[in-house]
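S.K.: Keeping their order, the protein sequence lines are chains A and B.
Quick note, the first sequence lines up with residues 272 to 562 if you use the numbering used here.
Quick note, the second sequence lines up with residues 395 to 734 if you use the numbering used here.
Calculated from the structure, these hints are not laboratory results.
Treat the hints with care, since some could be wrong.
[Stated by the list, open to error] Derived lysine to any residue pairs resembling SDA-like cross-links, with alpha carbons at most 20 angstroms apart:
| no. | chain 1 | residue 1 | chain 2 | residue 2 |
| --- | --- | --- | --- | --- |
| 1 | A | LYS384 | B | ALA610 |
| 2 | A | LYS395 | B | ARG674 |
| 3 | A | LYS395 | B | TYR613 |
| 4 | A | LYS411 | A | GLN434 |
| 5 | A | LYS395 | B | ASN398 |
| 6 | A | LYS384 | B | ARG674 |
| 7 | A | LYS395 | B | LYS400 |
| 8 | A | LYS384 | A | THR407 |
| 9 | B | LYS400 | A | GLY446 |
| 10 | A | LYS395 | B | ALA397 |
| 11 | A | LYS411 | A | GLY446 |
| 12 | B | LYS400 | B | ARG681 |
| 13 | A | LYS306 | A | TYR359 |
| 14 | A | LYS384 | A | GLY417 |
| 15 | A | LYS553 | A | VAL528 |
| 16 | A | LYS421 | B | ASN398 |
A quick note: this is a predicted structure, and the numbers were derived from the prediction, not measured.
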Amino acid sequence: MAAGYPAKYNFSMTGIMSTQAALHLQDVTYSINKKRILTDISLGFGAGLFHGVLGPNGAGKTTLLKIITGQLQAAGEVCWQGRPLSDYAPQELARHVAVVNQINDSVFSLTAKQVVTMGLLPHKNLLSRYTRSDRTQVLKALDDVGLADKAEQHFSALSGGEQQRCLIARALVQGAPLLVLDEPVNHLDVYYQHQILHLLHSLCQQQGKTVVVSLHDLNLAAAYCDNLVLMKDGLVAASGASVEVLESTLLADIFRVPCTVHHSATQTARIEFNPPFAEFQKASTQGKHDS
Amino acid sequence: MIANMKAKWIVLLLLAMSAPLLSLFFGAASLSADTIFQCVSGSCADPIDNTIFWDIRFPRVMVGFLVGAGLSVAGATLQNVTRNGLADPYLFGVVAGAGLGASVAALLLNSPLAAKWGLPTAAFGIALPVSALIGAIFAVIMVQLLARSTFGGRIEHMLLAGVAVSFMLSALSQFLLFVGDPFAANQVVFWLMGSLARVESHYAWVLFAVVAGCTAALYLFGPRIDALLLGDDSARTLGVNVAHMRMLSLLICAGLTAAIVSYCGGIGFVGLMIPHIVRRWLGVTSRTLFIGCALLGGFFMVWVDVFARTALTGREIPVGIITSAIGSLFFLLVMRQRQA
Chain A
272 MAAGYPAKYN FSMTGIMSTQ AALHLQDVTY SINKKRILTD ISLGFGAGLF
322 HGVLGPNGAG KTTLLKIITG QLQAAGEVCW QGRPLSDYAP QELARHVAVV
372 NQINDSVFSL TAKQVVTMGL LPHKNLLSRY TRSDRTQVLK ALDDVGLADK
422 AEQHFSALSG GEQQRCLIAR ALVQGAPLLV LDEPVNHLDV YYQHQILHLL
472 HSLCQQQGKT VVVSLHDLNL AAAYCDNLVL MKDGLVAASG ASVEVLESTL
522 LADIFRVPCT VHHSATQTAR IEFNPPFAEF QKASTQGKHD S
Chain B
395 MIANMKAKWI VLLLLAMSAP LLSLFFGAAS LSADTIFQCV SGSCADPIDN
445 TIFWDIRFPR VMVGFLVGAG LSVAGATLQN VTRNGLADPY LFGVVAGAGL
495 GASVAALLLN SPLAAKWGLP TAAFGIALPV SALIGAIFAV IMVQLLARST
545 FGGRIEHMLL AGVAVSFMLS ALSQFLLFVG DPFAANQVVF WLMGSLARVE
595 SHYAWVLFAV VAGCTAALYL FGPRIDALLL GDDSARTLGV NVAHMRMLSL
645 LICAGLTAAI VSYCGGIGFV GLMIPHIVRR WLGVTSRTLF IGCALLGGFF
695 MVWVDVFART ALTGREIPVG IITSAIGSLF FLLVMRQRQA
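The following block holds chain A by itself, in its conformation from the complex (with noise of 0.2 angstroms):
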């Protein structure tokens, strides 16, 4: 798909305006052996903001995460708070940006706290001792995430929403203003999925921090993000404030299920498809993959 969407989906970006935002993308193009990931990106993310990025399957939503954690370099320019972010040194950059990624065990058990302590390397020269501040520091970012009474049991033993919260500590450690987590609450259930997105808003709201994360439940998305960028095919298809975003159309178009939206004065919107089940039966019936 070479073209953009039709005009009608580019909503005003409220409270992104692309100038203020403290990460801003200009036609940032991303490919793989002449295959396109991402075409002509602009966005900007808004400082003290959750925003959530949406889309379907192969959407490009990882490579992008990537492009603005500087894991991935890609044509076009990626700034935070004004500097591309190659100009960053690697260590520097990690003071300004946290990363969350899926989980990876590691072979070898290291406690939850040993995980958090990571956190403080940015911060730390060859020579520079760990002192009783970082451990106190560590302690606090463990008992900000609820994780307390688990600073010494082992990574590989906590459960998935634990684990996810050991590194959201690990990055609240890490002190940088950015935070970034590719799909936070996959694998997790209901519990721990409104657990960490609460956990998430409440590190917006306190302590100013800016948020950008993956998601696919569309309605965790409309509950907890102020702002959305919907992606389909490597495009921004749409972004800006949840409540604009999250326009039935646009998202059957995109994820291809029809939708409606319930949007409410005193409440979040709220999500609900009806899955084309007709068309489901024809693919099977006919033995072909829809593609």
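Since the structure of chain A is provided, determine the placement of chain B on it from the hints.
M.R.: Structure of chain B alone, referenced to chain A:
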């Protein structure tokens, strides 16, 4: 928890300090306890006893400790850097590379060419370790290049490349020895069995500098190496230059292992076994692991050498044979425990 850890460190420290002291009393020549105390205090009655103590026994115990410490620290580093509990200096081709270097040196120095150029036999003492060192570093570079080009640089692939390079280099050195001079072959075969018998006192100080220097450097890298434990991507997001860190650690390990192997030959399984024990006992983070390994590795090797010196009267068992025997049994026990 903290008190418990302190107790463990004290026990380890006592073990590590007592081993070299006690082992000074064991050896081929029977020195009485009195004589030893006299020699230590510098008032040795018999100059022969003095020589035996200061030029033979003391350096040997010191080298034993340093060899055990060095191999264990190298093993621990390789394991943490590759996130593989079975990594060992042997697996990365370091020993095979050193073996090839030693074989080439042994053959050249025993060749008619060397005699024609009038190389002194003393050259052998320097040439063998130096070319073993070059061989070891050559092997590490080859493993790195292979892992990167052929296997795409994934960490498991580095181990595979290491095994392949090991076999390739051993095949090469065995072929050289097969076609070469039998005397040189003999020298290399004994060298490969591993022994502390060739130790000279100047080497003890060289080794001390190498082991202390490398361990100190690795200790400083500790937290960065720890960051690798949760994956390369995770380490990168913490600002660690993963490729540099890994290459540097590997080179330090190669240098450390080569310095040991070049003089003492193949001493296997120490670098695999000791980190395993320390990890269970004290924890997995690199700094703890390195210091624990240095102490326990030194303790272990000193006693293995005492056994090597005293088990058979009149002759020594090469230490490499003993460590391999103990190590393989240990390995089987660990596997069995994991199954259960």
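S.K.: State for each hint whether it applies.
M.R.: Here's how the hints hold up against the structure:
| no. | hint | verdict |
| --- | --- | --- |
| 1 | A:LYS384 with B:ALA610 | violated (24 angstroms) |
| 2 | A:LYS395 with B:ARG674 | violated (27 angstroms) |
| 3 | A:LYS395 with B:TYR613 | holds (14 angstroms) |
| 4 | A:LYS411 with A:GLN434 | holds (17 angstroms) |
| 5 | A:LYS395 with B:ASN398 | violated (28 angstroms) |
| 6 | A:LYS384 with B:ARG674 | holds (17 angstroms) |
| 7 | A:LYS395 with B:LYS400 | violated (26 angstroms) |
| 8 | A:LYS384 with A:THR407 | holds (11 angstroms) |
| 9 | B:LYS400 with A:GLY446 | violated (31 angstroms) |
| 10 | A:LYS395 with B:ALA397 | violated (27 angstroms) |
| 11 | A:LYS411 with A:GLY446 | holds (13 angstroms) |
| 12 | B:LYS400 with B:ARG681 | holds (15 angstroms) |
| 13 | A:LYS306 with A:TYR359 | violated (28 angstroms) |
| 14 | A:LYS384 with A:GLY417 | holds (13 angstroms) |
| 15 | A:LYS553 with A:VAL528 | holds (16 angstroms) |
| 16 | A:LYS421 with B:ASN398 | holds (18 angstroms) |
Against the hints set out earlier in the document, violations occur for numbers 1, 2, 5, 7, 9, 10, 13.
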